[in-house]
Amino acid sequence: MPTNELIKGTLGTIILKLLQENGKMYGYDITRVVKQRTDGKILLKEGSLYPALHKLLAEGLVKTEEMLIGNRPRVYYSLTPAGKKQIAIRTEELAGFMESIRTIMGIQTTLSHG
Amino acid sequence: MAEFTQQYQQEIERLVKTSVHDPQLQMELIDHCCCSIEEQLNEGMSFDEAFAITLQDLAPHGMHEIEAQVKLILTPQIPFTMKITMYFFGFVAAMFILIGFTFKAFHWPMASQMMFIGFVSLATSMLALLTSAIRFSSLYPNRLSTISGGIGGFTFSIGCIFKLMHWPGASMISLLGMAVITLIFVPLFFWRLYQADHGTLKRAE
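Residue numbers (our numbering), protein chains in the order written: chain A, 1 to 114; chain B, 1001 to 1205.
These are computed hints drawn from the structure, not numbers from a lab. Don't take every hint at face value.
As the list claims (entries may be wrong) - Among chain B residues calculated to face chain A with C-beta under 7 Å, some are:
no., residue
1, H1032
2, C1035
3, E1038
4, L1041
5, E1043
6, M1045
7, L1055
8, A1059
9, H1064
10, E1065
11, V1070
12, L1074
Claimed, not checked - Some chain A residues well away from chain B (every beta-carbon gap over 10 Å; in silico):
no., residue
13, T10
14, K24
15, T31
16, G47
17, L53
18, G60
19, K63
20, M105
21, G106
If you're wondering where the values come from, they're calculated on a predicted model, not measured in any experiment. Beta carbons are placed, not taken as given, at the ideal position from N, Cα and C, and that holds for glycine.
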């Protein structure tokens, strides 16, 4: 299971991607979808989700909307035009990073076997 | 299957509002906890079990940690040089004051010189702390306590330097510093500790 530190760097991109697919989501909804899609391997624990959401909000990549669900208010997040533009850039960046890590780890694995 | 009642929601609201001050974050955390607990109640858990699991998953170190993380991520970091000044001079101060006091107690030579270096370092460290607390106020949730500690520590250090140098006004300056530390910093510091544990204490009752 990836540690919280590993997830933190990619969380912003994950959130943007999920918002692109689902339109608008609230915090718990994001946690649940991430858990479901990764078969419980990635759990957004220790408050990593809300700092990431608020950072995206401060960067102007997402916007919020408050709605009353039953008797309690809920904050929904959705993409801004700037956020929509960022998805492709960040996804490409993440893919490149993952490829680099794979390459590095592949070299190390080869060496350790050699 | 237990039902999620208004009383449960009020208990969650109380816990969140005690630890978190940002209204939007409060709203989000209350909703998050309610959703998580509702889901677990539907799976047949008791409220207490669901509540404990939710807190463990969301904020194992307390809700205030989430707000601190949000603030940390949104605010600029304290410059490296300022941090180094605080920690380096703080370390030098602790070393020289402690060794100086030991030398003084044993009537060994150079005690006053060492204490002088120690108090000058302490004053420098306190000045850096004060500047940091004022300039990067959002990084200090208990800012009043930090600032009063900084002012008290700085004034007291200056008073001690005056005392060591036999300059006039030494007693008044050091007493003023001590008064700030004792009457403002210490009560605020312990009040903050009590507040941090308040949620936990309420839960244990």
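- Go through the numbered hints given earlier and state which of them the structure violates, listing their numbers in rising order. As far as the earlier hints go, 3, 4, 5, 6, 7, 9, 15, 16, 17 are violated by this structure, in ascending order.
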